[in-house]
Amino acid sequence: MAKKTRKPAGGQPPAAAAIAPAVPPVAAPREFFFLPDAEPEPVEAEELHELMKLWRHGRATRSLGQAISDGYVTVFTILMLGAMIISAVLSAQQGMADCTTGTCASSRLLLPTAVLLGCWAITLGLARLFGPVLVSAAEGSWLLDAPVDRRRLLSRRLVVPLVSAFVLPGLATGLVAGLTGMDWPAVGIWTLAAAAGSSALVALAAAQQAGERTWLTTLLKNLAGAAALAVIGLVVAVAADKVPAIALSGIDAARWVFLGVAVAALASGSFWLVLAVRRLDQLRRARLASGGALVSGMQGAMFALDFGLIRDILVERRAAAIGHVRPTRGRGLGLSALVWRDVERLRRNPKMFIGLAVSLFVPYAVDALRLSQLNPLISGLALVAALVPFLGGLRVLSRTGGLARGLPFKTSSLRTASMAVPAGVALLWALAAVPAFVGVAGSGADRSLSDAVIAALVTGAAGLLGGVRWVTAKKVDFGAPMVATQNGAVPPALIFNLLRGIDMVALICAPLILGWSAYLSAVLIVVAFVGLRGSFNAEDLRAEAAAAQRDLDSAKAERTKTKIPPPRR
Amino acid sequence: MARRTPVLKVTALKKAFGPVVIIDGFNLDVAAGEAVALTGRNGAGKSTVLRCLVGADRPDSGTIQVEGLAVSETNPQIRRDVAAVIDDLDFFPDLSVVEHLDLLARAHGVPDPDHAVDEILHEVQLVAQSGQLPPTLSSGERRRLALATAFVRPRKLLILDEPEQRLDVEGVAWLAERLVAERNRGLAIVMASHEPELVEKVATRVIRLGDRAQVEAEA
Numbered sequence: 065m066a067k068k069t070r071k072p073a074g075g076q077p078p079a080a081a082a083i084a085p086a087v088p089p090v091a092a093p094r095e096f097f098f099l100p101d102a103e104p105e106p107v108e109a110e111e112l113h114e115l116m117k118l119w120r121h122g123r124a125t126r127s128l129g130q131a132i133s134d135g136y137v138t139v140f141t142i143l144m145l146g147a148m149i150i151s152a153v154l155s156a157q158q159g160m161a162d163c164t165t166g167t168c169a170s171s172r173l174l175l176p177t178a179v180l181l182g183c184w185a186i187t188l189g190l191a192r193l194f195g196p197v198l199v200s201a202a203e204g205s206w207l208l209d210a211p212v213d214r215r216r217l218l219s220r221r222l223v224v225p226l227v228s229a230f231v232l233p234g235l236a237t238g239l240v241a242g243l244t245g246m247d248w249p250a251v252g253i254w255t256l257a258a259a260a261g262s263s264a265l266v267a268l269a270a271a272q273q274a275g276e277r278t279w280l281t282t283l284l285k286n287l288a289g290a291a292a293l294a295v296i297g298l299v300v301a302v303a304a305d306k307v308p309a310i311a312l313s314g315i316d317a318a319r320w321v322f323l324g325v326a327v328a329a330l331a332s333g334s335f336w337l338v339l340a341v342r343r344l345d346q347l348r349r350a351r352l353a354s355g356g357a358l359v360s361g362m363q364g365a366m367f368a369l370d371f372g373l374i375r376d377i378l379v380e381r382r383a384a385a386i387g388h389v390r391p392t393r394g395r396g397l398g399l400s401a402l403v404w405r406d407v408e409r410l411r412r413n414p415k416m417f418i419g420l421a422v423s424l425f426v427p428y429a430v431d432a433l434r435l436s437q438l439n440p441l442i443s444g445l446a447l448v449a450a451l452v453p454f455l456g457g458l459r460v461l462s463r464t465g466g467l468a469r470g471l472p473f474k475t476s477s478l479r480t481a482s483m484a485v486p487a488g489v490a491l492l493w494a495l496a497a498v499p500a501f502v503g504v505a506g507s508g509a510d511r512s513l514s515d516a517v518i519a520a521l522v523t524g525a526a527g528l529l530g531g532v533r534w535v536t537a538k539k540v541d542f543g544a545p546m547v548a549t550q551n552g553a554v555p556p557a558l559i560f561n562l563l564r565g566i567d568m569v570a571l572i573c574a575p576l577i578l579g580w581s582a583y584l585s586a587v588l589i590v591v592a593f594v595g596l597r598g599s600f601n602a603e604d605l606r607a608e609a610a611a612a613q614r615d616l617d618s619a620k621a622e623r624t625k626t627k628i629p630p631p632r633r
Numbered sequence: 002m003a004r005r006t007p008v009l010k011v012t013a014l015k016k017a018f019g020p021v022v023i024i025d026g027f028n029l030d031v032a033a034g035e036a037v038a039l040t041g042r043n044g045a046g047k048s049t050v051l052r053c054l055v056g057a058d059r060p061d062s063g064t065i066q067v068e069g070l071a072v073s074e075t076n077p078q079i080r081r082d083v084a085a086v087i088d089d090l091d092f093f094p095d096l097s098v099v100e101h102l103d104l105l106a107r108a109h110g111v112p113d114p115d116h117a118v119d120e121i122l123h124e125v126q127l128v129a130q131s132g133q134l135p136p137t138l139s140s141g142e143r144r145r146l147a148l149a150t151a152f153v154r155p156r157k158l159l160i161l162d163e164p165e166q167r168l169d170v171e172g173v174a175w176l177a178e179r180l181v182a183e184r185n186r187g188l189a190i191v192m193a194s195h196e197p198e199l200v201e202k203v204a205t206r207v208i209r210l211g212d213r214a215q216v217e218a219e220a
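Top to bottom, those sequences are chains A and B.
Here the first sequence is numbered in my numbering, starting from 65 and rising by one per residue.
Here the second sequence is numbered in my numbering, starting from 2 and rising by one per residue.
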């Protein structure tokens, strides 16, 4: 029967079909909904906000009290740390008051000033990066689409950056000022100058944001950063007796200067704030939402302590801002093409050398402070930070397999090639740092020339391998077995992510710091290099072993299938 | 008649995520000049199979061989033979479109890489975007660049996961013609697709995934 229906005969159709022809199915008429032809009612941003708040509260699974009770460890930690800091400030006040030397007076004046300038530079950098006015993706989609007063809505978004810029830099500068032994009025002046200055700069950045201009904030950020570095250099120079110590009376004069700075910052900040608020309704939604997207992306990365991902987000953003480059022709074939691209990167991103130059200042500063024994460790860590931008190619090749899969080389060869140019940079850095390891900045003759060369090379290698370890960090696997902690189950990689790079530098430099043979450091460098270039990639080895086992099993199964039966009688 | 040696040989492939078995007992032989299209509803396991084929995911059991060599993502010979465009393709944020293609061509030792890059760039219509950095490309342009990275280098097996995604109508037509030309030149192709027209034009065999029994039909 079924066969008949599937293959109908070529002759006449069955009689029943002729009597009742198939009726084509009639589609049900579609109905469409249209909005009524009436003017929409005016909407208040507050109402929408309340509605969003209601939804969010509806989804909350714990009350604030429960959350605080669960996070008692955190609360106690904060209280204890706060108490320790206050105690440290008070004892520093008592201790430093007795110090009347020129070096103490200089540090008392210069260190809080360096922190103040550094806070200004960081504030401007962050303000430019995030907005400073921003909205979340949800707010961008729902609130900004509604016919609401955008200026009124965004004024509230400006409050958080302004208050943060006032409180955090103020606290940091006040803390350092207190620790250096400044008297309380001076602490207040430096704190006010840092807080008011940072807030004024955020207001300036907001005014510039609406005008889609960045040149002024960039210029001020660079100036503040350079000034902060210069002041730190001055602190080191004074400590090393390279520059005469500033007289104690310097602080009295400086406090009036900084009081003036604070007043000027308050006045200019008010002006910029009024201008920024006036321009708020000109802000484009895309610009506002991009800051929010950046915040949420970085929040996600921070929860996993994935600092590499945070950097990736920033690098992508910078590339998107640059947009277009003048393409250059490659050179060589095979791995040399990869190395040549890294050379091209140096030419394309000369800014990387600024960080390298700053890191080169570290061994000299450490030597000037007569901490030559710790010089390899401290300078190595500075070099890690400076070399990370040079390892951008390696980062991309190791974060996902897609691009590496397209290149016909072993993982170890790829990584070695990607390390070649940064290794050259690290070598140059080490050679330039040799005088610091000899001891030219400090008391002199800390080490013989040959020992200094070895120490500098070991430090350079430690910095390079620390950087490589940092950029090749894998994402935290939340599916892996976890470690029980006071704050719940934590994947071990989350803890190790904090130490990545630092561990490598500490390990390689340990023999130098402990006064053991430098050959031990050399051995550690070789072992670390072999491990980091992926020669013994555990995943690869497991995959190869599994593949070999599978092949063996298949071969066995095949043999069993094709076994010749014994002859029968 | 002697059977052609398969470029790709998959035997009893099984992949599960936890208790959910995505694919089980999957067998596939693809010879040179053959194009196999994997079709099926979302979640049927097409991308999982392709990820296993390129070595991005490890199967729970079964074997995958390319030119008689067990697939391993890190094996340079496999990297040389298999060109893949799947969902995990990454780009250097500081290298332009043309520099990516140049790097790949040179890394694979393509003779006269400049000429090869120029040709491919024209073909994928990214000449105007040649100096652009990947984060500024539209999703369609990124897809074109991804496809270009597969065509600018030597290959024996091409693995594509929904290559028609984000391409405009002309782009899909170009892709179909390109893949037919690749197949006719003796390349083995395995692709997953939701585009019936592309499958019809390119595939010599269609495998529908998702049903317990694989329905196989000659196109």
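In case anyone wonders, no lab produced these hints; they're calculated from the structure.
Check each hint, because a few of them may be wrong.
As the list claims (entries may be wrong) - Below, a sample of chain A positions facing chain B; criterion: calculated Cβ distance under 10 angstroms:
#: 1; residue: A383
#: 2; residue: A384
#: 3; residue: T464
#: 4; residue: A544
Unchecked claim - Within a straight-line C-alpha distance of at most 27 angstroms, the following computed DSS-like cross-link-like pairs (lysine-lysine) qualify:
#: 5; chain 1: A; residue 1: K620; chain 2: B; residue 2: K10
#: 6; chain 1: B; residue 1: K202; chain 2: B; residue 2: K157
#: 7; chain 1: A; residue 1: K474; chain 2: B; residue 2: K202
#: 8; chain 1: A; residue 1: K474; chain 2: A; residue 2: K538
Since we're looking at a predicted model, the values are computed, not measured.
Just so it is clear, CB atoms sit at the ideal spot from N, CA and C, and this is done for glycine as well.
Legend entry - Satisfaction of hint between K538/A and K474/A, Cα-Cα up to 27 angstroms: holds (19 angstroms)
Legend entry - Hint check, T464/A versus chain B [nearest Cβ-Cβ separation less than 10 angstroms]: holds (4 angstroms)
Legend entry - Given hint K202/B paired with K474/A - CA-CA distance at most 27 angstroms: Violated: K474/A and K202/B sit about 36 angstroms apart, past 27 angstroms.
Legend entry - chain B contact restraint on A383/A - CB to CB distance below 10 angstroms: holds (4 angstroms)
Inset, instruction - Mind checking the alpha carbons of K620/A and K10/B for me, to see if they're no more than 27 angstroms apart? - result: Holds, at roughly 18 angstroms.
Inset, instruction - Have a go at the A544/A hint: is there a Cβ in chain B nearer than 10 angstroms to its own Cβ? - result: Since the shortest Cβ distance to chain B is 15 angstroms, the answer is violated.
Legend entry - Interface hint outcome for A384/A [beta carbon to chain B under 10 angstroms]: holds (4 angstroms)
Inset, instruction - Assess, step by step, whether the Cα of K202/B is no farther than 27 angstroms from the Cα of K157/B, and give holds or violated. - result: holds (20 angstroms)
Checked against the numbered hints above, the structure breaks hints 4 and 7 and satisfies the rest.
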